[in-house]
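Visitor: My request is simple: use the sequences and hints to build the entire structure.
So you can see what is in the structure, the chains are spelled out below.
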Amino acid sequence: MNVTLPNSETGISQALDLLRAPNARLVSIFGSTGDHHERYVHYLIDVNSREYRMFSSVVTGPIPSATPISPAAAWYERELHDQYGIECVGHPDPRPLLFHENWPENVHPMIDDVTHVPWAEGQYQFLKVQGAGVCEVPVGPIHAGIIEPGHFRFSVVGDTVLHLELRHFYTHKGTEKLFEGTPVIDGVMIAESVSGDNCFSHAVAYCQAIESAFGISVPPRAQALRLIGLELERMIAHIADVGAMCGDVGFNVPAAYTARIKETLLRASTRFFGTRFWRGMAVPGGVTRDFSSADTGEFGRMVAAAAGDFAEMARLILHTSSVQNRFESTGILTAEIARQTGVVGPVARASGIRLDVRCDHPSGRYRDINVDVPLYKYGDVLARARIRIDETAISMRLIHETLKQLPAGSVLVSVPLSENAEAWSAVESPRGELLYWVRIRDGKIARCHIKSPSFQNWPALPVAMPGNIIADFPLINKSFNLSYSGSDR
Amino acid sequence: MIGDAVERSLRSPQVLISVSELFSNAAGSRMPDVQPDLLTDEVARRVVAACPTSALKVDEAAGRTHLILNYGECIACSRCVAAGNGAFRYAERVARCGVRKKALIRRWDIQRRAEVVQDEPALSQAAEQIRSLVGRALNIRQVDAGSCNGCAGEILALTNPYYDLERFGIHFVASPKHADMLLVTGPVTRNMAAALKLAYDAVPSPKLVVAVGACGCSGGIFAGSHAVVGPVDAVIPVDGYIPGCPPTPSMLLTGIAHVLRPLLLPSRRRTA
Ligand code: SF4
Ligand code: SF4
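From first to last, the protein sequence lines stand for chains A and B.
At position 365 of the first sequence the residue is numbered 529 (my numbering), and the sequence of numbers has no breaks.
At position 76 of the second sequence the residue is numbered 98 (my numbering), and the sequence of numbers has no breaks.
Treat the hints loosely; a few may be bogus.
[As the list claims (entries may be wrong)] A few chain A positions that, by computed beta-carbon distances, are all more than 10 angstroms from chain B:
#1 Ser172
#2 Arg203
#3 Gly225
#4 Glu251
#5 Met353
#6 Phe415
#7 Gly444
#8 Phe463
#9 Glu476
#10 Glu492
#11 Ile533
#12 Gly650
[Said to hold, decoys possible] So, partial list: chain B residues that the calculated Cβ filter (under 8 angstroms) puts toward chain A:
#13 Met23
#14 Tyr112
#15 Ser169
#16 Ala179
#17 Gly208
#18 Ala249
[Unchecked claim] Straight-line Cα separation of at most 35 angstroms, DSBU-like style, residue types lysine-lysine; simulated pairs:
#19 Lys292/A - Lys541/A
#20 Lys608/A - Lys199/B
#21 Lys219/B - Lys124/B
#22 Lys219/B - Lys79/B
#23 Lys124/B - Lys341/A
#24 Lys608/A - Lys123/B
#25 Lys123/B - Lys199/B
#26 Lys219/B - Lys199/B
#27 Lys124/B - Lys292/A
#28 Lys79/B - Lys123/B
#29 Lys219/B - Lys292/A
#30 Lys79/B - Lys124/B
#31 Lys123/B - Lys341/A
#32 Lys199/B - Lys292/A
#33 Lys124/B - Lys199/B
#34 Lys219/B - Lys123/B
#35 Lys341/A - Lys608/A
#36 Lys292/A - Lys79/B
By construction, these hints were calculated from the structure, which means they are not laboratory data.
Fair warning: this is a prediction, and the values are worked out from it, not measured in the lab.
Just so you know, even glycine gets a beta-carbon here, dropped at the ideal spot from N, CA and C.
Guide: Next comes the structure, spelled out in structure tokens:
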């Protein structure tokens, strides 16, 4: 259920009061500008894992920070300041987030003209950990492997990590601003380029937000195809993650083997849908491609075979003592920290927190089905691996059941092109709760905010590090497997 | 146990794709190709209107109307395929991979319904030098200058057992200091521009730079953003361009091979 409360001057204090309650979880904080250039702040809060509630307020000066109440707010409020120049009083770490020293202070892209922004200089201040034998180890932004850029600053004593500080947003592309002025139909292409490996989740979340704004219902067959795409994306992501975790403990055979299973699924997508990652499949109003009943059987068999192959390999992986040795009790994120930092997705479920958009806030086909949600409580690398292994099997079953009862009919309806509306929609992406909030003016996007699961989960990673050895960092990082681009946007 | 996982892997059938099937294959890329015999003014008008980037243009030069398709700006959205009345199809093969920037652009004479063939621009000096130096081994350092991770993910796929890049003597290395080639993905963000320059400087000369994806070639969908400096060649010199959003592993391999053509392309191997 989505509830938008009227915009009020007391919106901020109502939101802050609610955040104190144990049954409230911060989903996002973001800004917008109104039709008369006035600035707004919006708080999106999940109550009882059942109902998204939105509080909004006009902003004329500094506002009280929510971070002392809910640490999950920390990055949102820094972003709010970077984008809109809204100062959050009482924030424990008000440093810029999105922009590095090359960006001048006092230029806020969502309210200022940014056609020619001069280059600035400066020195970033990392937290200094002092004491006998403490060394700093800088890593990144360019890493040794083929991965995205980000900076990690470790303070270590010997091999043991005392403190880890993240410095990200190297891939910040001003994406939320790019949406502004884009026709609603075209916005989905930007959404697909927010985090390439979860592009279909982003596309569906965006499309559902548009459809919800216009009150359109998508044909049942299109909803079913979207479910298949979302679950396939989850399978591919989870299979790759488990393989990459093996690679990080030097167990290269299953790493290569799972990479091969992943490629099998990408090639199946190419064969039936002409696209490896389902780019271009979701559009506002439905999906662009359908498949014949002869193909559904063959596609289903390929997916089942890949899942079976993975399940067998996963069993062997978990029975390997050197894997158990490295995975177990490594990088523990306690339930308490997980709750405070507001983590979502597999990371939350591996720390005993039962959150899954497919059950809590279902949309599309998920309204009509039941989804099993696996739960582990140890919060270590092993738990995060197990969650992914279990969920791969569940996704395969969901695809199988959906293919068996594929509704007949069309897969696309038209959407109105010029209207004013606002809405949001969430999907459970492979990394967790992904939410798009859109404001539409004359058929164009006036504001699009993306709550990305990686943005939410990154700040929890450094909390899982102290006490671990630095050599385990790649493994712990991989077990979170967060998207840099999805977070940096 | 370790042995069980290894045994299972050894028992599984080979999936390696043959070289001939791999090169120039564009399946799954959603890149467009043009059927010149079906090209009309009306089709040209419709596809140009449908294209969300400036990849498609009509050029009225010297009394003739040309349709221009710049693969470097194409985000593979397939709208032209939908709007093109059969004149646009998904490309099955791509030759425009790992070429100089000019060669990314194709033109068709609409009245004659034929492609206007242009000479391929010469290779960069660095490419010629590397060719004479590297033999059949090439070390690549991938640098993500701000990609959405789509391109970076497809580069990683090159190492899986279907493509097995190492069979060509090509390796990914951990440091730019060990590299012959930088494979750069993404539009270069403001926040990555300095690190990209440092990485480029750290590669010993002669060195090659290949820009990957619509973002790397032109900025792609992010062109013009306040947080983006521009395509890769806005920051460092580039020797070859691989279009796509993202380019498939086959396209990436084709592109890398094109830059080193005499060394790697199967038909030319003996003359190298
Ligand atoms: S596929 Fe490429 S050329 Fe065709 S409309 Fe899309 S961006 Fe333009
Ligand atoms: S070219 Fe496409 S896939 Fe590659 S980084 Fe850019 S948006 Fe992502």
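Visitor: A separate judgement is required for each hint: does it hold in the structure or not?
Guide: Do the hints match the structure? See the list:
1. Ser172: 32 angstroms, holds
2. Arg203: 18 angstroms, holds
3. Gly225: Holds, since 26 angstroms exceeds 10 angstroms.
4. Glu251: Per Cβ check, Glu251/A is outside 10 angstroms of chain B; nearest 21 angstroms; holds.
5. Met353: 6 angstroms, violated
6. Phe415: The claim breaks: Phe415/A does not keep its Cβ more than 10 angstroms from every Cβ of chain B (closest is about 7 angstroms).
7. Gly444: About 5 angstroms separates Gly444/A from the closest Cβ of chain B, which leaves it inside 10 angstroms; violated.
8. Phe463: 15 angstroms, holds
9. Glu476: With a cut-off of 10 angstroms, Glu476/A comes too close to chain B, as the shortest Cβ separation is near 7 angstroms.
10. Glu492: 16 angstroms, holds
11. Ile533: Non-interface label stands for Ile533/A: nearest chain B Cβ at 29 angstroms, farther than 10 angstroms.
12. Gly650: Violated: least Cβ distance 8 angstroms, not greater than 10 angstroms.
13. Met23: At 6 angstroms from the nearest chain A Cβ, Met23/B passes the 8 angstroms test, so the hint holds.
14. Tyr112: Where the cut-off is 8 angstroms and the nearest Cβ of chain A is about 6 angstroms from Tyr112/B, the hint holds.
15. Ser169: Holds, about 7 angstroms.
16. Ala179: 6 angstroms, holds
17. Gly208: 7 angstroms, holds
18. Ala249: 4 angstroms, holds
19. Lys292/A - Lys541/A: Judged against 35 angstroms, a Cα distance of about 33 angstroms means the pair holds.
20. Lys608/A - Lys199/B: 47 angstroms, violated
21. Lys219/B - Lys124/B: With a Cα-Cα distance of about 24 angstroms, the restraint between Lys219/B and Lys124/B holds, given a limit of 35 angstroms.
22. Lys219/B - Lys79/B: Holds - the C-alpha atoms of Lys79/B and Lys219/B are around 33 angstroms apart, at most 35 angstroms.
23. Lys124/B - Lys341/A: 31 angstroms, holds
24. Lys608/A - Lys123/B: 33 angstroms, holds
25. Lys123/B - Lys199/B: At roughly 26 angstroms apart (the allowed maximum being 35 angstroms), Lys199/B and Lys123/B satisfy the hint.
26. Lys219/B - Lys199/B: It holds: about 13 angstroms lies between the C-alpha atoms, which stays within 35 angstroms.
27. Lys124/B - Lys292/A: 50 angstroms, violated
28. Lys79/B - Lys123/B: The hint holds at about 17 angstroms.
29. Lys219/B - Lys292/A: 28 angstroms, holds
30. Lys79/B - Lys124/B: Distance of about 15 angstroms is within 35 angstroms: holds.
31. Lys123/B - Lys341/A: 29 angstroms, holds
32. Lys199/B - Lys292/A: 30 angstroms, holds
33. Lys124/B - Lys199/B: 30 angstroms, holds
34. Lys219/B - Lys123/B: At roughly 20 angstroms apart (the allowed maximum being 35 angstroms), Lys123/B and Lys219/B satisfy the hint.
35. Lys341/A - Lys608/A: 13 angstroms, holds
36. Lys292/A - Lys79/B: 55 angstroms, violated
Comparing the model with each earlier hint shows violations of hints 5, 6, 7, 9, 12, 20, 27, 36; every other hint is respected.
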